[in-house]
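As you go down the protein sequences, you meet chains A and B in turn. Here the first sequence is numbered in my numbering, starting from 6 and rising by one per residue. Here the second sequence is numbered in my numbering, starting from 1477 and rising by one per residue.
Take the hints with a grain of salt, since some may be wrong.
Distance condition first, Cα-Cα at most 30 angstroms in a straight line; then the derived DSS-like pairs of lysine-lysine [said to hold, decoys possible]:
#: 1; chain 1: A; residue 1: Lys-185; chain 2: B; residue 2: Lys-1785
#: 2; chain 1: A; residue 1: Lys-185; chain 2: A; residue 2: Lys-152
#: 3; chain 1: A; residue 1: Lys-185; chain 2: A; residue 2: Lys-234
#: 4; chain 1: A; residue 1: Lys-199; chain 2: A; residue 2: Lys-244
#: 5; chain 1: A; residue 1: Lys-187; chain 2: B; residue 2: Lys-1722
#: 6; chain 1: A; residue 1: Lys-199; chain 2: B; residue 2: Lys-1727
#: 7; chain 1: B; residue 1: Lys-1839; chain 2: A; residue 2: Lys-152
#: 8; chain 1: A; residue 1: Lys-128; chain 2: B; residue 2: Lys-1911
#: 9; chain 1: B; residue 1: Lys-1736; chain 2: A; residue 2: Lys-199
#: 10; chain 1: A; residue 1: Lys-125; chain 2: B; residue 2: Lys-1767
#: 11; chain 1: B; residue 1: Lys-1767; chain 2: A; residue 2: Lys-152
#: 12; chain 1: A; residue 1: Lys-108; chain 2: B; residue 2: Lys-1736
#: 13; chain 1: B; residue 1: Lys-1803; chain 2: A; residue 2: Lys-112
#: 14; chain 1: A; residue 1: Lys-199; chain 2: B; residue 2: Lys-1911
#: 15; chain 1: B; residue 1: Lys-1803; chain 2: A; residue 2: Lys-132
#: 16; chain 1: A; residue 1: Lys-244; chain 2: B; residue 2: Lys-1803
#: 17; chain 1: B; residue 1: Lys-1911; chain 2: A; residue 2: Lys-114
#: 18; chain 1: B; residue 1: Lys-1767; chain 2: A; residue 2: Lys-199
#: 19; chain 1: B; residue 1: Lys-1748; chain 2: B; residue 2: Lys-1785
#: 20; chain 1: B; residue 1: Lys-1911; chain 2: A; residue 2: Lys-185
#: 21; chain 1: B; residue 1: Lys-1767; chain 2: A; residue 2: Lys-108
#: 22; chain 1: A; residue 1: Lys-114; chain 2: B; residue 2: Lys-1748
#: 23; chain 1: A; residue 1: Lys-187; chain 2: B; residue 2: Lys-1911
#: 24; chain 1: B; residue 1: Lys-1748; chain 2: B; residue 2: Lys-1767
#: 25; chain 1: B; residue 1: Lys-1748; chain 2: A; residue 2: Lys-112
#: 26; chain 1: A; residue 1: Lys-166; chain 2: A; residue 2: Lys-199
#: 27; chain 1: B; residue 1: Lys-1803; chain 2: A; residue 2: Lys-199
#: 28; chain 1: B; residue 1: Lys-1803; chain 2: A; residue 2: Lys-152
#: 29; chain 1: A; residue 1: Lys-125; chain 2: A; residue 2: Lys-36
#: 30; chain 1: A; residue 1: Lys-258; chain 2: A; residue 2: Lys-132
#: 31; chain 1: A; residue 1: Lys-128; chain 2: B; residue 2: Lys-1767
#: 32; chain 1: B; residue 1: Lys-1911; chain 2: A; residue 2: Lys-112
#: 33; chain 1: A; residue 1: Lys-152; chain 2: A; residue 2: Lys-166
#: 34; chain 1: B; residue 1: Lys-1832; chain 2: A; residue 2: Lys-187
#: 35; chain 1: B; residue 1: Lys-1803; chain 2: A; residue 2: Lys-187
#: 36; chain 1: A; residue 1: Lys-114; chain 2: B; residue 2: Lys-1785
#: 37; chain 1: A; residue 1: Lys-187; chain 2: B; residue 2: Lys-1785
Calculated from the structure, these hints are not laboratory results. Note that the structure is predicted; figures quoted are calculated from it, not measured.
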Amino acid sequence: MKIIIVDDELHALQLFLSDLIGLDIEYRFFKDDKNAILKYVVYENPDGVFLDVNMPGINGIDLASELIAIKPSIKIVFATGMNISENALPNDVAANTVGFLYKPYDKDKLYYYLSEIANKTRKMTVKTFGSFDCFIDDRIVRFSSAKSKELFALLIAYRGKTLTMNDAISQIWPDTDVDKSKILYRDAVWRLRKTLSELHFDCVDFRRACLVLNKSNLICDSWDYAEGKNKNYNGEFMKNYDWSIAYLPILDKLNSNTDTTT
Amino acid sequence: MALVVGVISVAILSSTNTSSTVYFSGFLIYFSIIALFLFTLIIIVDCYAMFAIKTSTYHSLLMALCIMVCCLLSEDYLSLLDLSSAYGTVSNIVQYGVYTLFLAIVVIFFDFSYKLGMSKKRKLSYFAVCVLSFVLFAALYRVKLHILAYCLGLAMTVELSYYTSHNPNVHCFNSHSFRPTQFITFALSGLILTNTIYSSGFVENYPFGTTSFYLFTSTLVYAFIYFSFIRKATKRDLANAQYRAKYEQVKSGMLQAQIKPHFVFNVLLSIKNLYHSDTELGDEAIDLFSKHLRAQVEAAGADMVPFEKELDTIRVFTDLENIRQDKELNLIFDIEYSDFQIPALSLQTFIENAIKYSRINEKEDGYIRISSRCENGEILLEISDNGVGFDPSEIRDTSYGIRNSVERFRLLTGVTPEIISSPGNGTSIMIRFNKSSSEKHHENNNS
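Construct the entire structure; sequences and hints are all you get.
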């Protein structure tokens, strides 16, 4: 994948550099030299471009129009310090705009836009053996609260089965009274929804009083284990959560099965 | 007073002349005086509005001017200029002048209709009506059926006035550019009517000539239009202007309250500390802080924001607070319904105050909870905590922020948040409003 980054300020480019090193991306930096940019786009055909909006020589939005005229499939991310809304963009530019990256850049956002430019479906890697953690683009997912993380862990343990509110409450808040636990459940649901939507990773279907996990873009060690794809089980499964004990016998049984077959 | 003068003049006239035509003339004078009185009243009211709203129009003043100019064109004044010998010619000149003017009106009218934000269909139909009415007008003038021409002009004036006052997107005062057209149509058609009636011999013995008769008809009709449409629009705009002024004041208060130097510097210090221990956490804190600043800047440009966005702002703010505090704040988002708008940064103020004064972090199970639900089309929004509570009657002296938030809620949504608290029993802020009212209220005030 080829991208170009246009910014008149050197330190903005430097910040990009530190993030792009190590990724399988061919990149090129430009200051506000319009002719050089146009020439590059004509000859090198990049997939995407990160554009600053306010530069002394050129306006990023105008430049975007010209780039689209040269290469209609080019994807644009506006990397800017000021607030611009999609409404401020002309129609042709808006159609090619992937999003806005506000300075100082949020790394999760940057990786998300890079995968959008590459037209790559992102996968979430879920680690359940030992303690529970999730990763997107090799970066750990930071949940908004411990309980929303636990709720997501429970969804993973359910493996795509519908998780009702009552099920979730009885497992995550077993000792709390009903009214209070419902409030805490809604808080966890709301925070989980926020975390996933900020990551642009919508893998949970939030329905009324129940949740359903969409497994398609998830890679989970315990699921693979159950299907015989790996043998990483070491006797520990989501050990931070009390309800996970119920799953241990199943996994142990699978373990002994695989032992006997081998 | 107008009544008294009218009655006296009628009495004088009827005592000097017994003819019924003259009695009718006296009747006219009586009404002209009432009409003039009304007209003066309207001008005074409009002048007040003009000074109260800086972008005001000169509606009634312009109207008066147009009527006066048309009076000068009436046959009384023409004869005063001693052109009686060439009377026929002058009459023709006036007639052709009217034609030309009317044509100009059609063109100007079409042009101005663009500024009214009408749909294309409506504009075209207006243009068609204009052209048609011009043809009709010319034809009617030919066959001396001036009264119909007058009615046509009148109908158009009424239609426009109606459109202005019943369309919230068209501001009486902001789109007054179309008004001269309206005035000229109105005043001229009045003139033609007057000349027609006068020359028809119906009020032949009317001693004050066409001018006063013209004044009578014009002002009476204008008064009708004014009180049925324009007054309404004026009132609306006046209320909006007062609202706007008040709101701007409250909003600037909010912005001032939002700039909290000590908060900014404290956050910067904690970020600096974080970088010494963990650069990853430092990066995160920087992201949070820039999100927070962005939200504050955005709030300066927006009146109402989506509830979800305000919740994000609060989450960022509390995450920042958590960086600085030893104990994590227990903030519970009990959100069942979030598809509505609230004034920007209004909830943040309540949360800030809860953090500052409720002392929930000193409690084992202290919490702040934001609940929102929708019951029978009514949105219930509640911010509650189980902290130390306070006496709501003391808000006036202590918290500018809360008062400001409450005021903005009141101005933007029409509802007043209810603060329920007493020492030792926690605090709860209840806001109830109709699902539709928040949006509607907002739109009206934005247009």
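Hints, verified against the model:
Only pairs whose Cα atoms come within 30 angstroms are accepted, and Lys-185/A paired with Lys-1785/B is accepted, the gap being roughly 25 angstroms. Of the pairs offered as hints, the one joining Lys-185/A and Lys-152/A holds, with about 14 angstroms between alpha carbons and a cut-off of 30 angstroms not exceeded. A distance of roughly 41 angstroms separates the Cα atoms of Lys-185/A and Lys-234/A; the hinted pair therefore is violated under the 30 angstroms criterion. For the proposed pair Lys-199/A and Lys-244/A, the alpha carbon gap of about 25 angstroms is at most 30 angstroms, so the pair holds.
Using a Cα cut-off of 30 angstroms, the hinted pair Lys-187/A and Lys-1722/B is violated, with the two alpha carbons roughly 42 angstroms apart. Simply put, Lys-199/A and Lys-1727/B have alpha-carbon atoms about 29 angstroms apart, close enough for the 30 angstroms limit, and the pair holds. Taken as a hint, the Lys-1839/B and Lys-152/A pair is honoured in the structure, with Cα atoms around 20 angstroms apart against an allowance of 30 angstroms. Among the hinted pairs, Lys-128/A with Lys-1911/B is inconsistent with the structure: their alpha-carbon atoms are about 39 angstroms apart, more than 30 angstroms.
In summary, the hint linking Lys-1736/B to Lys-199/A is supported, as the alpha carbons are separated by about 27 angstroms, within the 30 angstroms threshold. At most 30 angstroms may separate the alpha-carbon atoms for a hinted pair to count; Lys-125/A and Lys-1767/B meet this at roughly 27 angstroms. Proposed proximity of Lys-1767/B and Lys-152/A is supported: the alpha carbons are some 24 angstroms apart, at most 30 angstroms. Restraint check for Lys-108/A and Lys-1736/B: the C-alpha separation of about 22 angstroms stays at or below 30 angstroms, so the hint holds.
The hinted pair formed by Lys-1803/B and Lys-112/A meets the criterion: a straight-line CA distance of about 27 angstroms does not exceed 30 angstroms. As the CA atoms of Lys-199/A and Lys-1911/B are separated by approximately 23 angstroms, the hinted pair is consistent with the 30 angstroms bound. Taken as a hint, the Lys-1803/B and Lys-132/A pair is honoured in the structure, with Cα atoms around 29 angstroms apart against an allowance of 30 angstroms. A threshold of 30 angstroms between alpha carbons decides the hint, and for Lys-244/A with Lys-1803/B the separation of about 25 angstroms falls inside it, so the pair holds.
Under the criterion of a C-alpha separation no larger than 30 angstroms, the hint pairing Lys-1911/B with Lys-114/A is inconsistent with the structure, at around 34 angstroms. Distance restraint check for Lys-1767/B and Lys-199/A: the Cα-Cα separation of roughly 15 angstroms lies within the 30 angstroms cut-off, and the hinted pair is therefore satisfied. Our distance criterion of 30 angstroms between C-alpha atoms is met by Lys-1748/B and Lys-1785/B, whose separation comes to about 28 angstroms. For the suggested pair Lys-1911/B and Lys-185/A, the alpha carbons sit about 26 angstroms apart, so the restraint of at most 30 angstroms is met.
Proposed proximity of Lys-1767/B and Lys-108/A is supported: the alpha carbons are some 10 angstroms apart, at most 30 angstroms. For the given pair, Lys-114/A sits about 24 angstroms from Lys-1748/B by alpha-carbon distance, which is consistent with the 30 angstroms threshold. Distance hint between Lys-187/A and Lys-1911/B is fulfilled; the C-alpha atoms sit about 24 angstroms from each other, no more than 30 angstroms. For the hint linking Lys-1748/B to Lys-1767/B, the alpha-carbon distance of about 17 angstroms falls within 30 angstroms, and the restraint holds.
Restraint check for Lys-1748/B and Lys-112/A: the C-alpha separation of about 20 angstroms stays at or below 30 angstroms, so the hint holds. Straight-line distance between C-alpha atoms of Lys-166/A and Lys-199/A comes to about 22 angstroms, which keeps the hinted pair within the 30 angstroms bound. Distance hint between Lys-1803/B and Lys-199/A is fulfilled; the C-alpha atoms sit about 23 angstroms from each other, no more than 30 angstroms. Between Lys-1803/B and Lys-152/A, the direct Cα distance comes to roughly 17 angstroms. Compliance with the 30 angstroms bound is thereby established for this hinted pair.
At most 30 angstroms may separate the alpha-carbon atoms for a hinted pair to count; Lys-125/A and Lys-36/A meet this at roughly 28 angstroms. Taking the CA atoms of Lys-258/A and Lys-132/A, the gap is about 20 angstroms. The hint holds against a cut of 30 angstroms. As the CA atoms of Lys-128/A and Lys-1767/B are separated by approximately 26 angstroms, the hinted pair is consistent with the 30 angstroms bound. Among the hinted pairs, Lys-1911/B with Lys-112/A is inconsistent with the structure: their alpha-carbon atoms are about 38 angstroms apart, more than 30 angstroms.
Straight-line distance between C-alpha atoms of Lys-152/A and Lys-166/A comes to about 20 angstroms, which keeps the hinted pair within the 30 angstroms bound. Our distance criterion of 30 angstroms between C-alpha atoms is met by Lys-1832/B and Lys-187/A, whose separation comes to about 27 angstroms. With a CA separation close to 24 angstroms, the supplied pair Lys-1803/B and Lys-187/A stays within the 30 angstroms bound. With a CA separation close to 18 angstroms, the supplied pair Lys-114/A and Lys-1785/B stays within the 30 angstroms bound.
Taking the CA atoms of Lys-187/A and Lys-1785/B, the gap is near 23 angstroms; set against the 30 angstroms cutoff, the hint holds.
Of the numbered hints stated above, those contradicted by the structure are hints 3, 5, 8, 17 and 32, listed in ascending order.
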